[in-house]
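Novice: Each chain, letter by letter, is given below.
4 protein chains.
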Amino acid sequence: MSFIGTGTPDPNPGWLSDDELAGIRQRLPLLYVEAVPVRVDGLGQVTEVGVLLRVGSAGTITRTIVSGRVLYGETLRDALFRHLEKDLGPMAFPQLPASPNPFSVAEYFPSPTLSQYVDERQHAVALAYVVPVTGTCDPRQDALEITWMTPAEAASDAVSAEMEGGRGALLRTAIASVGKLP
Amino acid sequence: MSFIGTGTPDPNPGWLSDDELAGIRQRLPLLYVEAVPVRVDGLGQVTEVGVLLRVGSAGTITRTIVSGRVLYGETLRDALFRHLEKDLGPMAFPQLPASPNPFSVAEYFPSPTLSQYVDERQHAVALAYVVPVTGTCDPRQDALEITWMTPAEAASDAVSAEMEGGRGALLRTAIASVGKLP
Amino acid sequence: MSFIGTGTPDPNPGWLSDDELAGIRQRLPLLYVEAVPVRVDGLGQVTEVGVLLRVGSAGTITRTIVSGRVLYGETLRDALFRHLEKDLGPMAFPQLPASPNPFSVAEYFPSPTLSQYVDERQHAVALAYVVPVTGTCDPRQDALEITWMTPAEAASDAVSAEMEGGRGALLRTAIASVGKLP
Amino acid sequence: MSFIGTGTPDPNPGWLSDDELAGIRQRLPLLYVEAVPVRVDGLGQVTEVGVLLRVGSAGTITRTIVSGRVLYGETLRDALFRHLEKDLGPMAFPQLPASPNPFSVAEYFPSPTLSQYVDERQHAVALAYVVPVTGTCDPRQDALEITWMTPAEAASDAVSAEMEGGRGALLRTAIASVGKLP
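Residue numbers (the numbering used here), protein chains in the order written: chain A, 178 to 359; chain B, 178 to 359; chain C, 178 to 359; chain D, 178 to 359.
By construction, these hints were calculated from the structure, which means they are not laboratory data. Do not rely on the hints blindly, as some may be mistaken.
Any copy will do: because identical chains look the same in the list, a pair fits if it lies in one copy or spans two.
Straight-line Cα separation of at most 25 Å, SDA-like style, residue types lysine to any residue; simulated pairs [stated by the list, open to error]: (1) Lys263 <-> Leu220; (2) Lys263 <-> Arg204; (3) Lys263 <-> Leu291; (4) Lys263 <-> Pro359; (5) Lys263 <-> Val217; (6) Lys263 <-> Ser288; (7) Lys263 <-> Asp334; (8) Lys263 <-> Ala199; (9) Lys263 <-> Pro289; (10) Lys263 <-> Val282.
In this text, all values refer to a predicted model and were calculated from it rather than measured experimentally.
Looking at chain A on its own, in the form it has when it is part of the complex:
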């Protein structure tokens, strides 16, 4: 079984066999998109933050956000939409932001010396977005559940400690970018 998202199996590994991708992972930074799903009120204000519960490759249960690779020939928006649909189901109705600018750029390295974000498999650079969803989220694949929390809960040390790859800091940065960090 191959994992090319952050613990997310991808049925279409971009015209690369598992062996080829494994080889490239040691030689090139891979481009990712990540998304923090949120609920907003009538004035656009974030009221809830969605955090995914996921069974990791070792059977451990961790929290994460929507995350996945950008394929060859795919725009960032297409990749973002594809991974949101994969992780939240087809009825989430995400509202992708009008601006292509991420709220932050997370650099994942195999070892934690260069960055606070770690991905043992590879060097990955993720453009991260906050995405309001207006529909019903129904996590698919290996995501067990989406938990909706207040921004303050999502930014808490308890939640951060359960997130994989150091993504607690990225989640807090997302909450800061919408002015909701406590």
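Since the structure of chain A is already known, use the hints to place chains B, C and D on it.
Specialist: For chains B, C and D alone, kept in the frame of chain A given last:
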């Protein structure tokens, strides 16, 4: 007739009489919000930009964007929503951005020496936002019409030349912020 | 003694007497700029965050950031530079950012119901910036001292609890905006 | 002769032979950083924009900005610094921004149907930054010259028409991000 928006009469001048406001205008910078209404496609990409046609105080017809003052005790989101509703009607269904950060800050001074933005009446500082609208726009008050254009048209020299107070540059900056400047 | 910054006496209250300013404070939102001074390394990465120790009006010692009002006819950059010099001294050599866009906008209200930021005296809206300083900081006026901390220390609950007006959240948001939130 | 930057030969192709890189280019998006060098005044305001003159692979002379690939194991800041030094020389003294967030993300595809940015060789995604330089620029390698222009000149149609890969739009977006678009 009093104008407290940029050419926009405001029925509720924030608990200030016209005389009082006129006096303050010579002594304090006033805080404004401005909004560029846009239409987006299913991937959040801006497809059209809305520009208002307005009859100015001298009877001249100029183009502008949504603009108005922030009142005492009013949040930026409330002010933004109020002015969007005033200029686009109650059925525009604006989607205010999740982030409070403007795409740009425009500084208006009575004379054009300090900034490219000019407001003869006052020193005003405007926080400017791009706001997708999903409903029907029905301009009210003194706005005659909203014209929907492609981003390239809205960024053209012809449109810029018709905009009041130097807002052509602000409109282009809005279009740049969503990655659609030609 | 009058305070028109956040606990900062201002020798030039913008051609307004104290009485006039007191009156306006109940009727108009006032425009502020705030700055978080930082030290950066050769790659622009934030290594230290400067937090001011200040004696508040009640004699209490609190932590704060650089903060002050924008005067009539003054650009945001001029206001930012003036308040940085006032609070950090003339040898701080601040490098104002090339972009006019703040990392966040903080809305201060007299009561804490509308926002997490509180200013008992007034409704103030602050454009907040991260500003690298390259020289020597020598706090003047009522700022007793500037303390340099790692980003993680500055984002800690202990520091947040000591900051006035809810600025702990703003300081954390600043740290998030430079990718240094733990 | 191999070009792995946008027209920039790179002596160290990231532990990949030319053949290997050529193969990967058809199968994965490559991660780039791009930089618009600027001069700023004492208040951080952009006064001049640097545009590179470069001899393209076909011998044609085009204008471009600093651009190059991010290597495996390299941080974005290290890549940015390396390419700035390569294109502007060792005495440019670039001041990398404190925030890791790009002013825009440019998506280059071999054909112009998906984006306004084109790179015939590959699918590349570039994080683009505005970088003040304080020293002396002495372009090396295949960059013939750096031309300093006012923001208005750099944003002109004449300059845009000479830029490779559609980067005129990116240059204008950079100028918009610092509030200097005319």
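Novice: Check the structure against each numbered hint from earlier and tell me which ones fail, lowest number first.
Specialist: 4, 6, 7 and 9
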